[in-house]
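Visitor: Could you put the whole structure together from the sequences, leaning on the hints where they help?
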Amino acid sequence: MDIIVDMISALFLLLGSFLCLSGGVGILRFPDFYTRMHAVGVTDTLGAGMILIGLMLQNPEGLVMLKLLMILIMTLFISPVASHALAKAAFRNDLAPMSDREETEGGTESSIP
Amino acid sequence: MLIAATIAILVVMILAIIRGVAGPTLYDRILAVNMFGTKTVLLISLLGFVMGRPDFLDIAIVYALINFISIIGVLHFSDSTEFRHDPDDTGSTKKES
Amino acid sequence: MPHTISLFLTLAAFWLLNSGHYTLLILSLGLISIALVLYIAHRMDVVDHESQPLHLTLRIPAFHLWLTKEIILSNISVVKHIWLGNETISPVLATIKASQKTDMGKVIYANSITLTPGTVAVDLVGNQITVHALLRENIEVLQAGEMDRRISRLED
Numbered sequence: 001m002d003i004i005v006d007m008i009s010a011l012f013l014l015l016g017s018f019l020c021l022s023g024g025v026g027i028l029r030f031p032d033f034y035t036r037m038h039a040v041g042v043t044d045t046l047g048a049g050m051i052l053i054g055l056m057l058q059n060p061e062g063l064v065m066l067k068l069l070m071i072l073i074m075t076l077f078i079s080p081v082a083s084h085a086l087a088k089a090a091f092r093n094d095l096a097p098m099s100d101r102e103e104t105e106g107g108t109e110s111s112i113p
Numbered sequence: 001m002l003i004a005a006t007i008a009i010l011v012v013m014i015l016a017i018i019r020g021v022a023g024p025t026l027y028d029r030i031l032a033v034n035m036f037g038t039k040t041v042l043l044i045s046l047l048g049f050v051m052g053r054p055d056f057l058d059i060a061i062v063y064a065l066i067n068f069i070s071i072i073g074v075l076h077f078s079d080s081t082e083f084r085h086d087p088d089d090t091g092s093t094k095k096e097s
Numbered sequence: 001m002p003h004t005i006s007l008f009l010t011l012a013a014f015w016l017l018n019s020g021h022y023t024l025l026i027l028s029l030g031l032i033s034i035a036l037v038l039y040i041a042h043r044m045d046v047v048d049h050e051s052q053p054l055h056l057t058l059r060i061p062a063f064h065l066w067l068t069k070e071i072i073l074s075n076i077s078v079v080k081h082i083w084l085g086n087e088t089i090s091p092v093l094a095t096i097k098a099s100q101k102t103d104m105g106k107v108i109y110a111n112s113i114t115l116t117p118g119t120v121a122v123d124l125v126g127n128q129i130t131v132h133a134l135l136r137e138n139i140e141v142l143q144a145g146e147m148d149r150r151i152s153r154l155e156d
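Residue numbers (this note's numbering), protein chains in the order written: chain A, 1 to 113; chain B, 1 to 97; chain C, 1 to 156.
Do not rely on the hints blindly, as some may be mistaken.
[What the hints assert, rightly or not] Only pairs whose alpha carbons sit at most 20 Å apart, straight line, appear in this in silico EDC-like list of lysine to aspartate or glutamate: (1) C/K101 <-> C/E50; (2) A/K88 <-> C/D103; (3) C/K106 <-> C/E146; (4) C/K101 <-> C/D156; (5) A/K88 <-> C/D123; (6) C/K80 <-> C/E140.
[Claimed, not checked] So the derived label-pair ranges between C-beta atoms look like this: (7) A/L66 <-> C/H64: 14 to 22 Å; (8) C/L29 <-> B/H76: 30 to 38 Å; (9) B/H76 <-> C/L36: 21 to 29 Å; (10) C/E50 <-> A/F18: 36 to 44 Å.
Bear in mind the hints are in silico, worked out from the structure with no lab data behind them.
All C-beta atoms, glycine included, are put in the ideal place defined by N, C-alpha and C.
Guide: The following block contains the structure:
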C-alpha cells in the first residue's frame, strides 16, 4: 500500500516539475509580455498544485498536510490577483499587446506611443 | 524524486532570472520576480521534505504572503506618474533601478 | 451575526493550524488576537456578505470542481503551445460581457478567467471585461459563455 502511494506521489512530483519547466521555457520563448503571463499562469496553477499534492502524499496525515493544503489554497487565491494587477498596470501604462495580424518577428515587444 | 523536483524548480528559477535580466520591459521584470517568488515557496516546501524538517512550511507560508504584498506594493507604486513606462525608450525605463 | 461567527471560526482554524502548540497560554493569546481582529473588522465595517460569502457555501463546491477541470484542460493546451513554438499561437485582446448582477459575481468571473491559463482579465469596467488570450479559440470559448452562466447561477 505504501509503495503505491509513494509511486503516485512521485508521479505527481514529476508532472509538476515538467509543468514548471514548461512554464520556465515559455517565459523565455514567448514573444511579448502578455503571452509570457500565460506561461507563468501554468506554473502558478497546475505546476504548483501538482508538486504540493505530491508532497501531501509523502506525509498524508496530520498538521503537515493541512499546512500544504493552506499553501495551495493561498497560491490559488493570490496568483490571479497578482497577475491581474500586473496586467492592469501594464495595460493602463500603454504597453500594447502584440497582435498576430502585425508582422512582428519573435523577441520584439510592440509599444505604441 | 524529491531531489529531482528540487533541481527542476531551481532550473525554473534560473530561467526566471534570465528573463528578469533580459527584460525588455519593466513589466517583464516584475513578472519574472513574481514567478521567482512563487517558485521560492515551492522550493522551500520541497527542501523541508528533502531535509526531513517539515517546519519549513511555516517559512513557505510567510514567504507567499510577503511575496504577494511586495508585488502589490510595487504595482501600486507603478500607478504614480513618475513610474510611467516611457514609450520612447522601449528598452527599459529610467526608474527601474 | 452569522458573518461574525464565520469570521471567528476561520480565524480560529487559522491560528490552531499555524501554532501547533495547544497550551493554555498560547490558546488564550490566540483568543485575544481573534477578538482584536474581530473588533478591528467591525470598526472597518467589512464583516458582511462580501467578505464572508456564506450564501455561496452550498453551491460553490460544484463550481470549483468544474473550474479545476477547466484549469487542467487549458494547462494542457498552453503547455502544448509552449513546446510547439511561437508560430502556433494567436494572441488576441477582446472585450467580453459579464452578465452577473453583483460586484462579487463579476469579481469571481474575472478571477476565474485569470486563474485559467491562456486567458488573463486585463480590465474590468462596468460589465465589460477586457481579456487577453493566448489563442483565438480561448476567446470563442469564453464568448460562448458557459463559465458566465455557471457563475450567474451561483448568485441567485
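Visitor: Next step is simple, just say for each hint if it's right about the structure.
Guide: Verification of the supplied hints:
1. Pair hint C/K101 plus C/E50 holds up; C-alpha atoms about 14 Å apart against a cutoff of 20 Å.
2. Note on A/K88 and C/D103: the hinted pairing holds, with a Cα-Cα distance of about 18 Å set against a maximum of 20 Å.
3. For the given pair, C/K106 sits about 14 Å from C/E146 by alpha-carbon distance, which is consistent with the 20 Å threshold.
4. Distance restraint check for C/K101 and C/D156: the Cα-Cα separation of roughly 10 Å lies within the 20 Å cut-off, and the hinted pair is therefore satisfied.
5. The suggested pairing of A/K88 with C/D123 holds, with an alpha-carbon distance near 6 Å, which does not exceed 20 Å.
6. For the proposed pair C/K80 and C/E140, the alpha carbon gap of about 19 Å is at most 20 Å, so the pair holds.
7. Distance hint check: the CB atoms of A/L66 and C/H64 are about 18 Å apart, consistent with the given range 14 to 22 Å.
8. Under the hint 30 to 38 Å, the C-beta atoms of C/L29 and B/H76, about 32 Å apart, fit the expected range.
9. Under the hint 21 to 29 Å, the C-beta atoms of B/H76 and C/L36, about 26 Å apart, fit the expected range.
10. Checked against the given bound of 36 to 44 Å, the beta carbons of C/E50 and A/F18, roughly 39 Å apart, stay inside it.
Checked against the numbered hints given earlier, the structure satisfies every one of them.
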